[in-house]
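Residue numbers (the working numbering), protein chains in the order written: chain A, 1 to 372; chain B, 1 to 360; chain C, 1 to 507.
Everything labelled a hint here was simulated from the structure, so no lab data went into it. Quick caveat: nothing in here was measured; it's all calculated off a predicted structure. Take the hints with a grain of salt, since some may be wrong.
[Stated by the list, open to error] Restricting the straight-line Cα-Cα distance to at most 27 Å, the calculated cross-link-like pairs of lysine-lysine (DSS-like) are:
no., chain 1, residue 1, chain 2, residue 2
1, C, Lys204, A, Lys132
2, B, Lys304, B, Lys290
3, A, Lys132, C, Lys269
4, B, Lys137, A, Lys179
5, C, Lys28, C, Lys247
6, B, Lys95, B, Lys298
7, C, Lys28, C, Lys204
8, C, Lys343, C, Lys269
9, A, Lys132, C, Lys343
10, B, Lys190, B, Lys35
11, B, Lys35, B, Lys291
12, B, Lys190, B, Lys343
13, B, Lys190, B, Lys163
14, B, Lys114, A, Lys179
15, B, Lys304, B, Lys291
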Amino acid sequence: MKKEMRKEYTIALVAVGLGLLAGALLMLVTGNNPILGFIYLISGGLMNIERIGNTLATATPLIFTGLSVAFAFKTGLFNIGGAGQMLIGGLCATVIGLTLNWPKPLLLTVIIIASALGGALWGLVPGWLKAKFNVHEVVCTIMMNWIAYWSVYYIIPAYFKGAYLETESRRIPEAASLKVGWLTDLFRGSYINLGFFLAIIAVVVIAYILERTTLGYELKAVGLNRYAAEYAGIQSNRNIILSMMIAGACAGLGGAAFYVGYASNMQIGVLPSQGFDGVAVSLLGANSPWGVFMAAIFFGVLHSGKGFMNAMTQVPPEIADSIIATIIYFSATSVLIEKYWGRLQKRLAEKEKTGPPLVAEEEIKEKVGGAS
Amino acid sequence: MVKKVLVVLVILVVAALILFNVGEKTGVLKKGRLKIGMVTDAGTIDDKSFNQGTWEGVKQAGEDLGLEIKYLKPAGTTEADYMKEIGNLYDAGFKFIVCPGFKFETAIFQAQDKYPDAKFVIIDGNPHAGDYVPVVKENTVSIFFAEHESGFVAGVATALQLKEGELGYIGGMEIPAVQKFNWGFQQGVKYANENLGTKMVIRPENVIYQGSFDNVAAGQQLAAQMYDRGVKAIFAAAGGVGIGAINEAKSRMKAGEEVWVIGVDVDQYAEGIYDGEKSIILTSAMKQIKKATYDMIKFETEGKFPGGQILTFDATNDGVGIPENNPNLSAAVESKVAEVYAKLKSGEIVVADVQGDLIR
Amino acid sequence: MEYVVEMLKIRKEFPGVVANDDITLQLKPGEIHALLGENGAGKSTLMSILFGLYQPDAGMIKVRGQEVKINDPNVANELGIGMVHQHFKLVHNFTVTENIMLGMEMTKGLVINHTAAAEKIRELSKRYGLNVDPDAKIEDISVGMQQRVEIMKMLYRDAEVLIFDEPTSVLTPQEINDLIGIMRNLAKEGKSIILITHKLKEIKAIADRCTVIRRGRVVGTVEVASTSEEEMARMMVGREIRFAVEKTQREAGAVVLQVENLSALNNRKVMGLKNFSLQVRAGEILGLAGVEGNGQAELVEVITGLRKAEDGRVMLKGTDITNLSVRERIRMGMSHIPSDRHKHGLILDYTLEENMILKIYDEPPYAEKGLLNRETIRKHTERVMQEFDVRSGQGSLALARSLSGGNQQKAIVGREIDIDPDLLIAVQPTRGLDVGAIEYIHKRIVEQRDKGKAVLLVSLELDEILTLSDRIAVIYNGELIGIVEAQATNEQEIGLMMAGVQRGETA
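The whole structure should be built from the sequences, with the hints applied where relevant.
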């Protein structure tokens with residue numbers, strides 16, 4: 001178990017290293033000093049307490065969407081609907097925040113529950129269609145993204161539009177915002193909000209569900225080997241639906257954290273990119289909850305440090321975007337690296353005879369077909 | 001697992017501590033001359049419209065006055081995204097910051113207090129706390145344009161040139177600036193029909209807001225539908241969506257059909273070139289964004305920054321109108337338009353900036 | 001040239017394990033050489049070295065007298081060494097020709113020359129008696145033919161030395177006979193064959209010589225003709241093996257499982273099981289014999305609840321369970337050793353612990369209020385592992401994937417028997433295992449019967465059916481051909497029934 005863990009950890013670091021290397025190459029090609037570039041990139045994300053706060057605030061929705069993708073993946077499902085689930089979660093939060101006039105603790109509780117439910121509903125539909133009619137969840141969740149997009153597009157201007165603007169909702173009242181004074185002050189006016197703590201709680205809860213509960217046992221069983229799960233009497237259909245609902249709820253919470261935490265109103269006509277970045281976060285985080293957490297923070301640093309790197313160097317913003325995207329997607333190639341990991345290990349073992357044999361043995365079994 | 005998290009956290013913190021010093025030092029290094037920064041709105045810097053117009057003003061000022069310039073592109077369009085980029089520019093020593101677009105209103109509201117030693121220019125918006133009560137501090141200036149007047153002039157010019165037939169309008173999002181272009185355009189066409197003997201028609205189904213500023217394909221499709229319905233020229237105030245309309249017009253012109261587009265914000269004539277010198281841009285309803293931006297920077301270097309003011313660029317100060325050169329308008333039309341423009345300037349003609357009984 | 005391949009004093013070490021210790025294997029041209037050993041004896045490592053997947057720590061390899069270094073499988077291929085894998089590596093929606101050509105397509109300019117390839121395949125097929133249709137799609141042909149395609153792949157690449165890895169484990173008795181014929185043909189044409197197997201009977205039937213290895217060392221190389229099966233078994237295991245299972249006569253008790261007029265669709269949506277009726281009583285082992293694909297899988301799946309019955313009903317201990325869920329059937333005392341331990345029996349990426357609770361994970365004391373009780377689960381796993389002799393390097397925390405096939409199977413058998421079921425359905429319980437493991441599993445199955453439980457044994461191995469069963473039912477084409485008392489029948493009779501001949505038709 002420990003060995004596995006160390007392996008995944010190393011793979012993630014190698015992936016990040018490769019990503020940074022690719023980014024550095026791109027900087028070199030465009031005639032910039034990569035070392036300086038990275039110094040500005042990282043100091044932009046972590047230079048002072050306000051920037052750290054903003055980095056965490058940027059990472060918050062990514063933690064949620066990363067968790068969402070990772071959780072569904074444990075059940076063998078590819079949830080690419082994080083964006084739509086976020087939108088619906090955010091819509092629920094916004095609608096309640098702009099409608100109810102309750103004291104803050106109560107209102108926030110309702111908002112959090114509602115956004116999780118909204119996201120869960122958006123996961124339920126593809127889950128149900130998958131279980132019932134074997135409709136592929138990728139197709140379905142993409143469709144659900146657009147349904148969410150256009151629902152927001154209609155509902156916000158129709159019922160919650162700002163005084164002058166058709167394209168965004170009214171500003172969320174203070175009582176309905178996940179931003180709280182002490183936290184903003186603590187981080188010197190940054191955009192960090194309660195969503196971050198909610199994200200940590202979500203990570204803990206998801207990790208707990210996966211590791212300790214019979215529910216997690218069932219979900220993973222279905223994901224790893226649906227046939228064996230069914231053989232053991234586990235209802236894979238029920239678990240597929242449940243898994244999508246929980247994944248959707250995570251992304252829905254991400255929507256609340258984004259629209260009534262990070263942002264202060266809801267704009268229409270935008271499919272939040274965090275929904276898709278969640279896939280990369282999940283890949284880099286090896287689909288484990290704490291891995292997702294670390295990966296999201298890393299992406300948070302990149303996203304929020306980018307502007308400062310831009311301001312301090314001659315890198316044009318468009319190239320900066322490419323650099324960040326390159327780092328992210330190279331980092332997300334950890335899957336590929338894992339594939340070559342066995343080979344690498346074997347070669348090392350050949351040379352030093354110290355590497356763990358487990359991986360190499362598996363490899364052989366696969367190739368030779370388990371002769372003994 | 002805990003160990004893993006800890007290790008990474010420690011690495012991050014150590015990195016942060018090391019880099020903290022570096023960041024501080026470089027920050028100190030770059031003081032001195034005025035540095036001009038800009039944060040872009042949604043869309044790219046070469047959007048042939050708002051971002052580009054502003055940036056051209058900044059660039060011109062940078063060249064003429066020898067200033068360092070820089071633009072940053074925010075990750076999203078929320079207040080937090082904008083604030084982060086403003087902070088990045090400020091931390092890098094750019095203390096004169098231009099922000100094009102109403103979406104910056106609440107961000108500028110906060111920034112003007114947070115960075116009292118920096119100057120801010122916001123175009124098409126007023127700083128406010130989310131309640132739409134304008135609060136323009138001494139280090140900020142708000143710039144507005146009379147889009148309805150610009151649309152009006154373009155409407156008159158279009159009607160005069162085409163004389164009779166149908167016209168259409170494609171807007172981006174239904175936001176005030178875009179709406180005012182629409183209303184002004186309709187009033188301009190109406191004015192020409194009533195006073196200058198033209199017979200142009202605008203049908204309600206040919207007045208459409210696409211809903212975004214970036215969906216090129218949708219713009220092309222909408223334009224194709226309108227042209228199929230017999231529309232001769234489309235006024236496209238829609239950023240990237242307008243580019244779609246321009247593309248459609250180009251391919252139809254090449255195929256021998258006569259269709260036109262009226263550009264927006266900047267002179268889009270060059271955008272519409274399809275064959276040698278020929279362009280499908282009949283004329284453009286311009287806002288002198290470049291000039292306004294340039295002027296503000298110039299004022300600052302001269303110590304005359306109009307801080308605390310809300311400035312409106314309209315016909316009276318030549319802040320809106322059609323381009324000086326319109327190869328697709330006849331000389332007669334141009335001179336007639338100049339007459340109308342003079343009346344606008346003098347206040348003889350008043351264009352309403354509200355919908356009233358107009359279409360949408 | 002006395003030997004075509006020589007592996008001399010090969011040593012291969014992994015941290016903490018010596019997989020191969022001073023192993024010498026010499027293969028004569030045109031010979032069929034068996035490589036015999038228990039699970040984990042080191043056969044796999046040795047063949048991996050020959051195939052270039054591993055480098056030996058010491059020793060040398062000679063091919064046709066020349067010392068060679070085999071760095072990767074491509075080198076092995078160039079040297080004319082080919083391997084027929086246990087799990088076929090074929091693209092299912094490609095034709096036979098396409099599969100064989102894959103990787104070394106004959107081309108005419110940019111166009112792949114199918115005709116020439118198909119011609120070569122036809123010619124090879126005739127020469128070696130492979131009977132392969134070059135134009136058939138893999139998904140449409142039988143397992144036996146798929147294996148022949150694998151063999152053809154090697155021949156197409158001009159392999160001189162063929163390694164067969166457990167080739168008979170997926171075949172029916174008839175197909176095994178065919179294969180033996182083919183291997184003889186190959187040897188006659190001058191090909192040299194290394195046969196990896198546990199099945200002494202096959203070695204006896206086909207091999208010229210046999211090298212036995214145990215715990216990484218060579219026990220000896222013997223002439224097959226002059227060595228008895230018992231002797232080879234003893235060399236492999238290191239102790240006496242009983243082939244006959246000790247079984248006392250017992251009176252069968254009440255009916256536990258009753259199948260009445262059951263019909264079900266197979267995966268191709270055709271009736272795969274037709275009007276099938278059967279009873280299994282307490283204290284008896286009912287063996288179900290039949291050639292693979294004649295409805296056994298459908299019958300088992302309907303009984304266990306994995307497949308819907310179209311007609312008829314299933315009764316367990318007098319209760320109609322036809323429409324109950326899998327879970328409910330398990331709770332009622334039905335347990336099931338599935339035929340495919342990788343597909344159904346185990347979750348390979350779960351640990352042994354997690355696999356052990358596959359059917360009881362939500363029952364106290366293993367789980368309470370939806371939370372898993374890791375401590376109890378570990379103790380349970382360790383107990384079952386001990387009781388059923390499941391060996392794993394990392395104890396109960398090892399991934400199921402890392403266990404050898406025999407230990408995986410013992411783990412499944414342990415899990416299923418430990419539930420203490422009233423009805424045990426054992427499908428191919430010893431598939432691909434060595435004699436030691438087979439002996440052990442057989443003993444445990446008989447033990448169940450002696451405890452008064454009902455056992456339904458489904459197997460493609462006629463020997464297994466004959467030694468274990470009290471009564472034998474034969475299935476053919478989805479229908480029950482007949483039921484006979486095990487003591488009053490023989491291999492010939494069952495063999496005929498498996499071919500669809502009713503009892504008594506050919507007296």
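Comparing the hints with the structure gives:
no.	hint	verdict
1	C/Lys204 with A/Lys132	violated, 53 Å
2	B/Lys304 with B/Lys290	holds, 18 Å
3	A/Lys132 with C/Lys269	holds, 19 Å
4	B/Lys137 with A/Lys179	holds, 25 Å
5	C/Lys28 with C/Lys247	violated, 43 Å
6	B/Lys95 with B/Lys298	holds, 14 Å
7	C/Lys28 with C/Lys204	holds, 18 Å
8	C/Lys343 with C/Lys269	holds, 21 Å
9	A/Lys132 with C/Lys343	holds, 22 Å
10	B/Lys190 with B/Lys35	violated, 46 Å
11	B/Lys35 with B/Lys291	holds, 19 Å
12	B/Lys190 with B/Lys343	holds, 16 Å
13	B/Lys190 with B/Lys163	holds, 12 Å
14	B/Lys114 with A/Lys179	holds, 18 Å
15	B/Lys304 with B/Lys291	holds, 16 Å
Consistency with the previously given hints fails for numbers 1, 5 and 10, ordered from lowest to highest.
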